[in-house]
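Trainee: Quick note, the sequences are listed as chains A and B, same order. According to the numbering used here, the stretch in the first sequence is residues 2 to 309, in order. According to the numbering used here, the stretch in the second sequence is residues 2 to 309, in order.
Simulated from the structure, these hints should not be mistaken for lab results. Incorrect hints may appear among the rest.
Any copy will do: because identical chains look the same in the list, a pair fits if it lies in one copy or spans two.
Stated by the list, open to error - Think about it this way: if two alpha-carbon atoms lie no more than 20 Å apart in a straight line, the pair counts; the simulated SDA-like pairs of lysine to any residue are:
{"#": "1", "residue 1": "Lys-145", "residue 2": "Ile-157"}
{"#": "2", "residue 1": "Lys-148", "residue 2": "Lys-273"}
{"#": "3", "residue 1": "Lys-119", "residue 2": "Pro-103"}
{"#": "4", "residue 1": "Lys-145", "residue 2": "Glu-158"}
{"#": "5", "residue 1": "Lys-40", "residue 2": "Gln-161"}
{"#": "6", "residue 1": "Lys-119", "residue 2": "Asp-107"}
{"#": "7", "residue 1": "Lys-44", "residue 2": "Ser-21"}
{"#": "8", "residue 1": "Lys-61", "residue 2": "Ser-184"}
Source: prediction; values computed, not measured.
2 protein chains.
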Amino acid sequence: MPNSSLDATATKTVAFDLPSYLNRHTKSVNSALDHFLPKATAKPQTIHKAMRYSLFAGGKRMRPVLCIAAAEACGGDVNDALPLACAVECIHTYSLIHDDLPAMDDDDYRRGRLTSHKVFGEGIAILAGDALLTQAFEIVARSKVRKRYAHQDLIIELAQASGSLQLIAGQVADLEGEGRKTSTNQLRYIHERKTSALLCCSARLGGMSADCSLSQLKALTDFGYHVGLAFQVIDDILDVTQTSEQLGKTAGKDTAAQKATYPSIVGLEKSKRIAENLTKRAFAALKPLRGKATALKSLADFLLKRDR
Amino acid sequence: MPNSSLDATATKTVAFDLPSYLNRHTKSVNSALDHFLPKATAKPQTIHKAMRYSLFAGGKRMRPVLCIAAAEACGGDVNDALPLACAVECIHTYSLIHDDLPAMDDDDYRRGRLTSHKVFGEGIAILAGDALLTQAFEIVARSKVRKRYAHQDLIIELAQASGSLQLIAGQVADLEGEGRKTSTNQLRYIHERKTSALLCCSARLGGMSADCSLSQLKALTDFGYHVGLAFQVIDDILDVTQTSEQLGKTAGKDTAAQKATYPSIVGLEKSKRIAENLTKRAFAALKPLRGKATALKSLADFLLKRDR
């Protein structure tokens, strides 16, 4: 491990070639997703084109890579983690398609391209989201399991993280919070659900694919939770500081929608410090994984310092 | 078995107290659904209220009862079938919520009550559908399995029936068919996916909960397929012949939306004969189940003769 002191590593880049790691695993994930999804020519073509349009829109694949890195940190095999990584990405993409709809965040652009409903119409966009959500569970059910965690455990893990008490709860609270005064506690509630839940689930599923121990699972849970919160605070910061071109999606949306964000409640500088502290806590959570968590650390650091 | 001759039983009521059977199992299903769903007071309340509003809107529970009757026909226990019956009803309800949205069939009434988006707004209606879809998989994953069929098999069964090649494909083809000339073959394609897929899945999951043999599973598959087609032909007929008050939903919608239906393509009388013949074929499919399929037969007969 290049750095043993927590404080020293907290915001420094760890000596690890993350770009090539991301590049390699993004390719594996894209190729696996292509394998798991019905072909674009499968009847009815519209729905399969729409599913693939959003799934292959150039997303950063942070959740799948986190899943794979978590598996590796527990001594697991990338191939065992890949189906679960793909399932999480299907859930993430479905949630973006639905969140972008006019009835929700009403966004015309995502990842620099027109959103699903702008290309295929609202009806098909809703159905493409539904189809990706359904596909995610089929992919998990078809995955190979090892000893400690059965399909039952993996499905419950994914369903809970994506369900009405977590991911969907976050979106509901976000919708309901627009234009209202929001406390930092309420904002934390939203971020835990909208972002942390699925990031945490990605890390946990990766560990589970590697037959991780309970203490490893706990470490991944704490790590995913804090990385998820940091990720969302940084998203809020970028919404204020970057342009739409830099983000590939509409910037300044939160302010326009009168959404509470960390910068709007505690200011930009304090928000940055909060993101840094959350990242430090994510690093600290990795201690039980000892020397194997370099990729996870590097990912957390990258997410903290990203500019889009 | 009260009738051994196929032709004689085809459209006659079998000697079986279906109303009390439906009443008894509808109660069990409602109580199990109440148990499986988060409470209406769970945070965020809006989403849980919306999920429950549509789930407890007085649906006929045909799919869950079919699932239970299939389990019984294979010598199984009602309690083993109940979670799967509830999962199928969650899928059915989610598909109704999304189908009723303005971007799809744009319906204001369902089962005699305002549709979800009319009560909660489009955003929450979309999320309530998503949440019920997700919940369905969690319920299956938490169910007790027996020997022959694992959670993996049950999840794949449900995901395929609800996915982009079946249930969702049917809705896509239905959307795309509006205002276009449709052949009976294309109409059959839509009905197989929009209705048969999930009815067939209900019967199969019931059988699987009872550890059914492959020949029993094949019988249930054929039965569900033909009952599903008959069900949809009758739905088309009722849309023309009944009033909105009788149906509890907007009548004449298919004609207004220039949707192809059996009555619009082959006429009302021929449509009725087609529904009868499909029901006969559903009866014939039950032969391998011998004397145990009385409830299934009675259900098929009831669906043929229903007036709403």
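Trainee: Failing hints, ascending?
Mentor: 2, 7 and 8
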